[in-house]
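This is what each chain is made of:
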Amino acid sequence: MSAPDARTEVLARVRAALATTGAATRPGPGPGGGASAGPLPHDDGPGTDGHVPADLRDPHAPGPVPREYRRADRSAPVTPGRLDLFVERLEDYRARVVRVDEGGLRAALVAELRDAGPVAVPPGLPGPWVQALQEEGLELLVDHPDRPLTPAQLDGAGAVLTAARVGIAETGTVVLDAEPDQGRRVLTLLPDRHVCVVLAAQVVADVPTAVDLLGEHPERPMTWISGPSATSDIELVRVEGVHGPRDLRVLVVEA
Amino acid sequence: MSVDLGMPGVRSQPAATPHDPLRWGPSFPDAARGTLANTQMRANLRHATHTIRDKRLAVTAELPDWEALRDAGSAIKADVMARLPELLERLEESVTARGGVVHWARDAAEANRIITDLVRAAGAREVVKIKSMATQETGLNEHLEAEGIEAAETDLAELIVQLAGDQSSHILVPAIHRNREEIREIFTERMGDAPEGLTSEPRDLAMAARAHLRARFLRADVAISGANLAIADTGTVAVVESEGNGRMCLTLPRTLITLMGIEKVLPSFADLEVFLQLLPRSSTGERMNPYTSMWTGVTPGDGPQEFHLVLLDNGRTKALADEVGRSALHCIRCSACLNVCPVYERTSGHAYGSVYPGPIGAILTPQLLGLGEAHGAGSHDVTATLPFASSLCGACYDACPVKIDIPSALVHLREKGVHADAHPSLTPMGAGMAVAAAAMTSGTRFRWATRLLTLAGRVIPGTRIRRLPFPGSLWTRSRDLPVPPTQTFQDWFASRERDAGRGTGEGA
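First to last, the sequence lines map onto chains E and A.
Numbering that gives the first Met the number 0 numbers the first residue of the first sequence as 0 and each following residue consecutively.
Numbering that gives the first Met the number 0 numbers the first residue of the second sequence as 0 and each following residue consecutively.
Treat the hints as calculated values from the structure; they're not laboratory data.
Don't take each hint at face value.
[What the hints assert, rightly or not] From the structure, some residues in chain E lie toward chain A, with a derived Cβ separation under 8 Å:
| hint | residue |
| --- | --- |
| 1 | 65 |
| 2 | 109 |
| 3 | 113 |
| 4 | 172 |
| 5 | 212 |
| 6 | 220 |
| 7 | 222 |
| 8 | 223 |
| 9 | 233 |
[Unchecked claim] To be clear about the criterion: a stretch of chain A counts as covered by chain E if any three or more of its residues have a C-beta under 8 Å from a C-beta of chain E, and this derived list gives those stretches:
| hint | region |
| --- | --- |
| 10 | 150 to 164 |
| 11 | 281 to 287 |
[As the list claims (entries may be wrong)] So the derived label-pair ranges between C-beta atoms look like this:
| hint | chain 1 | residue 1 | chain 2 | residue 2 | range |
| --- | --- | --- | --- | --- | --- |
| 12 | E | 237 | A | 428 | 43 to 49 Å |
| 13 | E | 117 | A | 195 | 27 to 33 Å |
| 14 | A | 196 | E | 144 | 52 to 58 Å |
| 15 | A | 141 | E | 130 | 38 to 44 Å |
| 16 | E | 79 | A | 38 | 50 to 56 Å |
| 17 | A | 66 | E | 237 | 25 to 31 Å |
| 18 | E | 14 | A | 418 | 24 to 30 Å |
| 19 | A | 120 | E | 130 | 44 to 50 Å |
| 20 | E | 126 | A | 49 | 52 to 58 Å |
| 21 | E | 67 | A | 486 | 51 to 57 Å |
| 22 | E | 67 | A | 492 | 43 to 49 Å |
On a predicted model such as this, the values are computed, not experimentally measured, just so you know.
The C-beta atom is built at its ideal place from N, Cα and C for all residues, glycine as well.
Work the whole structure out from these sequences, hints included.
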């Protein structure tokens, strides 16, 4: 082969570009992971003695990453204030929120799904939730792994019921990670109404805590949902419900 | 009323389809002359940019640690650039381990060729697309069309732009140059299945797009997307969106092809905690965008069963070689800098003649194309005018979530562009600078030069000069010039010292 392949050439160009500016000489992360600390072999340019005050340094020069922002805190207890914020932020982005205690969940599930038509459900939904809907006579479309629902079947479903992996109070976000109680990603996409049950204990304060928790299984497909599908593409007028579910209902279950 | 027999009612903006998505139309000053005259578009833009700007300020003020997040975002990006080879290799390894296939593309043509071959191998004649700056940059849609493959844009704004035959004018809201009445006309004329009696209500228009695209989503075998970021450690790729068209594309088709610039890689999953806070708040001014999808290679039974990640250079390594200009690669395409820019607000995105408009485009476009390279056209290249499309007010720097010092990069690129000329002193700018340098390097010469100017101040009436004879006309064709004062500062200061010396006895 006379010409190098694209991979070899792109990587060679990157290395050459870094070599011309001296940035490639910077050591990588130490064995502890993360960006390396300590002084950098950064070229401070001619005419300086190398002791450039921090605020005069090139702000784009590589160096240790300062993480002075609020970091993950998974031990912080779930407070009523956090749940209030979660509900407020969900509602601010036009999700319908129902707060119930464990005893009231059955009735709430039925109330939110009764008028929807066929309800799609993932294979691993908690038994009592499924029972509640069956006893009410609702038509359930179960997405078995060996008999998956077709897109056409899902398109014909009136609603979908799922659990969630984590709720984020500060942003009013629900994250699904496709475990059996939430199902494949397509399940929550085609039906026009998504009813999602979030347990109070699953609600974290902020994005870093959620990322920390989700980082235990980064390989799972994830969908972060903050309110119903929306667009502001025409004169910045917000229109809810373009392609995803137009109707998002979150049931927050307090112990 | 004008009648154009045989001509469609919808006219594309700009009129001609660009040959190169990074460099089309005339130079910025010439293009801006045209767009400035479009008062309707200026009104649309003013409304749009001010609305998003206010929303952004409100949601960034909510976070007590916003500035700390910006510092972290900036540092992570600088670290990524310094470790790019290692991170790209790690990303390739992670994606491959999870059943994905990684491809590398030196330039736009190579990326388009790889993607076309993949679509053909999947046996598809049509594909659905998620809004992606990278595929716009490579002109993928036009390429696929020439190869007999129909590419359907599924983002509402991109659909409008595609149906109208336009170029996008904003990174985030590409159809911002079109108002609702124009969009109704575009849908009615070009969509094929627009409902009878479609109104210009945004809700009706959005629902028409929903109905139009639903069938396409359900039958599509191949989807093409960009990527907001990818995690080297895990191979996780993320797309941030609002409408759900992204989820449709990322979930329903059997094959997914993602085109991503090499600079979008991030080291670890934990870095998401920074960028998933910075991006939505800076971009749409929301605490979080409605939908973010993340996938890692292929998940059996869930979503596409074939995943290709195409890593694109296309000039990024040229930018990387410039220590100042490199920061343009830190960009996360939020478009906050467009929304605060006084120049963008008035000239619109089309004046920049590139898929990347606004302040970030003014530093990114010339670098991707290789401004100042030996074989380039130096300051006569149309893109060399882009770094001058700024008042250097610095609003973009303040708004940038990863703290790209755009004003400094602009000044740096201006200098680079000027020095790219073989004989800089022979250009009007070079000649002017040589005269100024001669006058300013000596106190005596400077004193006499400025005294000479006060003569002009005494004979010219008023306070502003609107037009000078050549070569001064090169300056006054786009700027007014204040009439010089009747006394120089040095003379005024000397007389003041004399007066003060008489009054208080305090002299130098």
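Violating hint indices (sorted, rising): Per hint list: 2, 3, 5, 14 and 15 violated.
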